[in-house]
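Build the complex: two chains, separate frames, hints provided.
Read off the chains here:
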Amino acid sequence: MQIQDLPYPDPGVPDTRSGPRFLWWLGRNQLDGQLRSLAWGLLHFMAVAALPFCVGFAVQAVVDRSGGRLALAGGLLALCSAATALGDTLLHRSAVTNWITAAARVQQLLARKAAHLGAALTRRVAAGEVVAVSTGDVEKIGWFVEAASRFTAAALTVAAVGIGLLVYQPALGVVVAAGLPVVALAVLPLLPHATRRADAQREKAGRATELASDTVAGLRVLRGIGGEELFLDRYRRASQEVRRAAVRSARMWSLIAATQVLLPGLLLVAVVWYGIHLARQGRISVGELVTVYSSVMVLNYPLWHFQEIAMAYSFSRPSAQRAARVLSLERATERSGARVRASDGPGGGPGDAGSTGPGTPGTPSGDLYDPATGLLVPSGLLTAVVCGDPDASGLLAQRLGGHAPQDGPSVLLGGVRLDELPLDVARTAVLVQDKDPVLLSGSVRELLDVPASGAVRPIEALTAARCDDVLDALAQGSSDAADPLDARLTERGRSLSGGQRQRLALARSLLTDPEVLVLDEPTSAVDAHTEARIAEGLRHLRNGRTTVVFASSPLLLDHADRVVLVHEGEVVVVGAHRDLVDTEPRYRAVVTRGTDAATAPDTAGDASDRDGDPRDGRGAATLKPRAELPELVGLEEIEETA
Amino acid sequence: MIGVTPPAYDPAAATAASTLPVGAPATVRAYVAELYRRHRGAFAALIAVNTVAVVASMVGPWLLGDLVERVAAGAGDLRPERVAALFVPALLVQAVFVRQVRLRGAMLGERMLADLREDFLVRSVGLPPGVLERAGTGDLLSRITTDIDRLANAMREAVPQLAIGVMWTLLLLGGLVVTAPPLAPAVLLALPVLIVGCRWYFRRAPSAYRSEAAGYAAVAAALAETVDAGHTVEAHRLSDRRVELSEHRIRQWTAWERYTLWLRSVLFPVVNAVHAVVLGSVLMVGGVFVLHGWIGVGQLTTAALIAQMLVDPVNLILRWYDELQVAQVSLARLVGVRDIEPDAGDASLAPAGREVLAKGVHFGYREGVDVLREVSLRVAPGTRLALVGPSGAGKSTLGRLLAGVYGPRAGRVALGGAELSRMTAEQVRSHVALVNQEHHVFVGSLRDNLLLAAVHATDTDLWAALGAVGADGWARALDDGLETEVGSGGVALTPAQAQQIALARLVLADPHTLVLDEATSLLDPRAARRLERSLARVLEGRTVVAIAHRLHTAHDADVIAVVENGRISELGSHDDLVAAGGPYAALWRSWHG
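Protein sequence lines correspond, in order, to chains Y and X. Sequence positions in the first sequence follow this note's numbering and run 1 to 642. Sequence positions in the second sequence follow this note's numbering and run 1 to 593.
Take the hints with a grain of salt, since some may be wrong.
Capping the alpha-carbon separation at 20 Å, the derived lysine to any residue pairs in SDA-like fashion look like this [to be verified]:
| no. | chain 1 | residue 1 | chain 2 | residue 2 |
| --- | --- | --- | --- | --- |
| 1 | Y | K435 | Y | G380 |
| 2 | X | K359 | X | D228 |
| 3 | X | K359 | X | D370 |
| 4 | Y | K435 | Y | L395 |
| 5 | Y | K435 | X | R237 |
| 6 | X | K359 | X | R412 |
| 7 | Y | K435 | X | E374 |
| 8 | Y | K435 | Y | Q398 |
| 9 | X | K359 | X | R409 |
| 10 | Y | K435 | X | A492 |
| 11 | X | K359 | X | E570 |
| 12 | X | K359 | X | E564 |
| 13 | Y | K435 | X | E438 |
| 14 | Y | K435 | X | R412 |
| 15 | Y | K435 | X | T494 |
| 16 | X | K359 | X | E374 |
| 17 | Y | K435 | Y | G394 |
| 18 | Y | K435 | X | D370 |
If you're looking for bench data, these hints aren't it; they were derived computationally from the structure.
The following block holds chain X by itself, in its conformation from the complex (with noise of 0.2 Å):
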């Protein structure tokens, strides 16, 4: 084997530009400062009890080396009490300690890790609405689960584990100086050897590692998808390519782990020269040293078997620096939620009144590229409003701005006079609902899904807001009442349930104003039927901007607003746009028959 090249495929590589930012190096180091600050003390008991350990550890080869010293030199007595005085307390304290060292450290790590991920949600649940809607939550959602899994090994180890190896060492070689000070040089020897091979595999390892991880998550998340779309690759006849696309990221996977065993088999004799020279060294040039009397054959004993503990410490560090490396880049992927301005918002900004009101607004995605030009309206309170319009067109867009989740880049958006997107979040919410196809049943009881919305609501409050929505039937039927738990894992609710919790909690939250981005299109329009009637009695006296893809969500309203190609095209009621004889009145006699 002359060496393997990386494979050609990295599975790590980013298919689509990362949504969200990544924190920079400076944001990373400052978060790892403030992270050590944090847990100073714990650092330093750690380091402490583990010095307590290791110096225990070299008594056994001290006493060694004075009994090898004694019968060498034909001592009559051999001093067997210092061996019950010195080497059993000795080995008790060592006992002690590394039992403290491995609990400490467990204990630091854990620590730190759950200060990340619990720092991680707070900065999530902080983050403006409309970058959510823009960045979607996937990203965020890889960040919590993988990141934070590649983290905790980093954390919960590498960290206390790395930290233990280096202060071991350093005191091992410290023991071996004072043993034999003469023997110091010797251990350098070896030096160069570590120096050129660590260079050599720690600049390949930990990107190497993290495809290797990808590659290997591809291949789980191949089958996942083939298990969920069973119904899908069986009408389409789909078995034989989920199976090859299963085997051909195995393929991908297996040429990473045979690049990075690569990268260990040159690694490996390395480490293991290393050894050899340090060893190899200490008893040559200290047993030249022994024949020439510059020390004794006791402190060679010594050295040497404290050169053999270092094995150990060694053998923890290159073992643990590679998944540091690693967590680096999670790190920073974590870390990067915090270069996102939190969502400023004037605070003292609340509106006066309930008028919605859009006057010229440009918005768009992209730069240079508009999606809505020029558009102007007024929703008096208590009206009903459907946008109409093919896809594309812009309507989401525009119920987006009215519900404050985005600002306009030109023109003004306002409620009650104040501009939707100078408020803060909360203050929006208090007024403004948008409510889309997202109905996401929270893992938890029935009550902590409702109580969301209102955080001091009475049981007798959340009756009565499913009551409203026409959800206390089933919702009384549930084994535990409101304790039931419900979302994943918990009981199974239909996705009509689902809708109409998401209905309660608007009428917990009770907004004045709501955005319907066509909250039942994703259901059977069967099912949706019910749901309209919840729907119904939840918009009585509200303002409602409602995007309709059903028609019959148009004719309902009051006034229907046609968007076309990013502006207003047409705007009236049912009826006089059927009289109009505009695009609208076309659609209506095709649905209508």
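Extracted from the complex, chain Y is given alone in its bound form (with noise of 0.2 Å):
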């Protein structure tokens, strides 16, 4: 694989039974780079061990007076060195490429995971961690696999070159091939400790950036109310906790360097008392014993790599256990998919017109019914639901579109069971728009690149959810977007008012034009003016289809063909928005918020109200007192607005 011909086409089926099966299929699956770097790397290491023999070579000749040995020399030096180079850039390209490869194969396989999981990801705990491999983890385990065959080059050459200096000078050679595996693996007990502590200082700096970007996120509040000594007092403990752990670690780090000095160090002193020795003797030549000091010199540089081996290990087999562990995560809901249709369908319940919606093939239509709750969606109508709890109407909202976490009785579509639809058709068929839908980065033209009918242009949608001067607001921000379309938006959107969001979001909804359309709470972040044409354009682009929303606002529930009360689980009533007002007082409870005297009764006093746990789903039966207000004091225009 070439890095140029990424990404893969197909990632494949990663072993996922453990971190280092994990790894050893990634190595597996890239063998011809390891291959590669492994042959580059011998040449490499190979020609590098060879400079000290050029070197001690040169300095017989010249103790020999030969000007022609050391021309050779000169001529072996230039050619261990085409060697070295040649073997350093290629060695250096395979490697790197296999690092890249691996890295781009893990990060395919997780956003692989990541979008066929969906939401399914987000009620895990797992979501979280799925970034952190993506961000932390995949470079760890890129750079084990690809340190394999630099280390299989490096470990050969150092015994090559243990045998071979036997055979050079076997008197000195046996000091040095002693002394070598001591020096290769002394400093690897210090390793555990060190990586120990780089560790701990790793989540120390986690844990400050966290503090830093926490109170820069939060800063218009500390500015604005103030407590900004507190967070910074804060800051700079967890700073100089990041300080005092990172000395920590690098008391341990100067350890082994010190350790890499002293043990080589001491193999040369060896050389050179036991050389002197042989030089008495008359046993060793000048350049042998030249050719000997300097080979153990340049050894180091392979030999690091034993080290480094190691290090790679303890760092990416934790790694490689996270992401074998995400990438083995499944759906838990995952169906057959065979389309059945509800033979226990809901007695004497209404809509089972089975019909398949027209130009989808295998796509249900008709009506909606929530055997659970009792809850009817008349196809073709818009039907405004209100539900006394918000956590209860999310759940409901979640369950109308099928494949739901939770238990219970599957939703029916036209008498078909959406659970025993494939996950696709299902959601093809009904669209939830959940309470907090998110808007992906990109340009609005990105933004509205949805899967949908067709029927309903990009304009017709952002029309109706009144987005005007939401373009207007993105098109003034960005400069070099002529069409306000292409203006882009930042990350969630962030850089939009909630309202706004909810605008766009609902446009991008009814773009898609599903056979059914839920709407949870789709205008709760927008004004009271802009609600009200929202609810008009919703009515107008959606007539004649299926659309549910959940709401509490009159300015849409006075739009709805009929409006559904739900209340503990159970349909209520069913009715028009102005009926249902004046005839049905837990209805009135949950949509005029006490606004009117005569109808709320005044509850601010009661003491069970206050802890105020918003779950508790005692809402719907909890009347808004009236807010007691200050005197009227008086305000007056003072000046004419021109």
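Right under this line is the structure:
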């Protein structure tokens, strides 16, 4: 695999049984790259190891006063240098290629896994872990996979040089051969301590970064209310802790560095000491002595790879384990997807037209029915659902889309159980826009480039969701976009206000034009003026299509064909907004929000409400008190607003 | 391979104009000088221990040279006792001082890094609120994460290692010259190759590495977004597109990897050639010199060994030099925050009274485009004013002017007769607070989250504030009470609980005037209801300017100002406006049914 051919057309099916197996799988899948790296590595390290021989040969030539042999040494040196350079460059190229292809493969696997898991991922703790693997672990995994062949080349070279010296200068070679394993392996016991300290340092650094970004994220709050010094002190403490941890870690690494000076140095002392004895006895030439000494110096380079591979493995093994765990995640609700007609449909229940939607074979259409709550959404109408408890409404909206995480009977569309349709078909038939739809970064055009029926044009969807001023604001923010559709959204649309984000998300859902569109509080952050106009737009654009809106604002409810009040998990009453306001106190309590003093008893003094747990589901029954307002003191316009 | 051109798409290129300034070269230079002055002593110590380590490392080659000289000359006494007396102590000194070099280098780097990140945060929290409102915190956030990260390597490794590498090289060259003075010019033969190669490489490398890093970050960012948007991706059937996007990003990133790999494919042979030329010229020229009897064979041996030792420091310099160049850009972004005028403000200016007054106010975010035109208002102490109107009409902008976040372009906004925009941020916030949709819960204890509003508050005060907003119930149920860690990574609070904390902070800060920018609008309307009750308690007795998205907020207010197209088009009480039959009345009717 060459870099320019990335990404892989198919990254393959990883062996995720364990971290080491995953590493092995990655290495096995780039075998040719590993072999290439090994071959160039051998050339490089061998050429480097041959240099001392040239040096010794040259010195000996000078001692022998032979100009010809000196020239020959020069030629050998040039040859070795050329081989070193070639090997170095090509080893680097093949090793980096191995790293990049391994990293790209893991990133591709992660992207596929995340896209496949979709909503299932956000329900798990694993969401953060997927991102952590992508940002932190991939590099370490690639490091070890890549280093494996490089290390092998270095280790073979060290062995070869050891044997070579034994043959070249047996007496001194024995000393070196005996010393090499000690030098190679001596620092390994220190490494676990060093990596542990490095981990501790990284953890502390992560904590400090978190504190800093948290402080910056809340900076407007701090500047508006105070407490800057409190948070600065806290950050300073964390920052100093990072520094101390880093120095602690550096102590261990500096000890390793000293060991790496001391042990080869002692070997050199032994070589010189013993070399003197050999020279006294005339058993060694000057050139040989220089060669052996220089060899020991040069061998430091391949020997360093013993330390590197140990480090790479200790860093990459936990990373590979995390990656393997993430890549082995599966959807909990994986279904066979065979389309089964409901045999036990709602007894006497409505809506089993059971016809298949036009143009989309396999997609059912008709009435949507939820057996759990008894909610019926007639085909082609705009149904509004009012629900006292926000969490319950979120779950109900999710269930209407089928393949919901919680247990319970499946929702039926045209009599067909959505749970038994393949996920993709179910999602095509029913689009559920949750309370917090995410705007993906990119241009507005890209945002609106979603699978859609094609019946609704982008401009129609944007108009219906009243996005004109959003587009204006975006166009003003980006200098180079002539067409507002090319204006760019930042991540999650953070540069926009909550209301603007909601409107863009609504436009995207309207554009999709699904058989059934379920919207959960689509305009909760939109101002009343705009909400009223969106209600009209929605009504107009979804005319004749099945639409469900979870809402509590009269401006939306007034436009619905029918309004359903769900209370404590069951449909309580169905009717038109205006009728329900007049006849149903529970309904009035939810939607008019106590502005009508006559119908809203004042419960402000009720101590039982003070604990105010918003999830306790009593919302529907509890009426909002009239806000206790200060006496009207008086405010006047002092000048004409021209 | 003839060459690789840089990819057309550059992920490091700014997509939107940077919202905060990037430091001018002079600012960066001044900062670096200041940083150096602060750590001058540590730099000197590092250089000193490094010198000892390098000098000690040359004892071995020198001894071997001496030995070779004697063997070649057929001297009887090879003086083995000198090996014990000199080599072993030199080795020990070298080991000890190498350790010191590593350690002191790390300590110096870490100290500089800590200074840098702390300085940056100090500057950031001093930014004027108006700058923050306008620029948002995204740019600052990327500076404190990405840029600090990039600088970490530079400060922790590159600066000390470069100092070490340069010293090391110079000392070895010095050793070479002292050992065999005639050989010094031989080393210079390699210099032209090195200069030409490095110039070519370092002209291209820093920006290429920046793009490569940005490209890799974009790969991870695409995945993070897919994960974050899991629900949306599944609902809209975007899985295939997300995979395509990730692979597209991988293609863009690897294109830069391929380019930088090509740059190194040129640099590596150059560096190898330099090492070869140095060693080769020392050996060949030196060999000829020995044959002519100009230097001894021992000198040649020592020189050759030192020439081999040059590989390490030269590689060290090349390894860290581009890191330093990449870091320069990040440094400029960090110190750029220094170029923003800190919130000056007139510390002596204090309001006399609580009346909020806007007179003939004009304001615009951009030159020539006014968002507000000729707005005048008087809000008497204790009144509740609601601003209603369509999106983009200028409600929020007016609210921010009344809260002193922005100063008007023309006209004046005053609190108790003193102009808000001329007061210090600290002065303003003791009187006025802006409450917006942002209810940030800080990472840390619940206590810290409250204390920021009143640093000297006692636990009793904190519980009282929590009680006042109806949050003491769930707060007391927390395992560690006020010590409970909240925020990201701690106990997850519901949006409603986060909002209650924000309200409790207001109770503690106790400003007499509040500007509410629909603080509860991002919440589910039904969850918002309990909060409104908490809010009502907080609002008691204070002057309130409420930017209302919901009509019931307007209904409850004493006075309603309808803002349309940058002007106040209607002003009066709810009953007055309904009776007047204008736009407000029409909206009210459709809302109330």
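Item to check | Hints not upheld, ascending by number | outcome: Numbers 1, 2, 7, 14, 18 - these are the hints that the structure violates, sorted from lowest upward.
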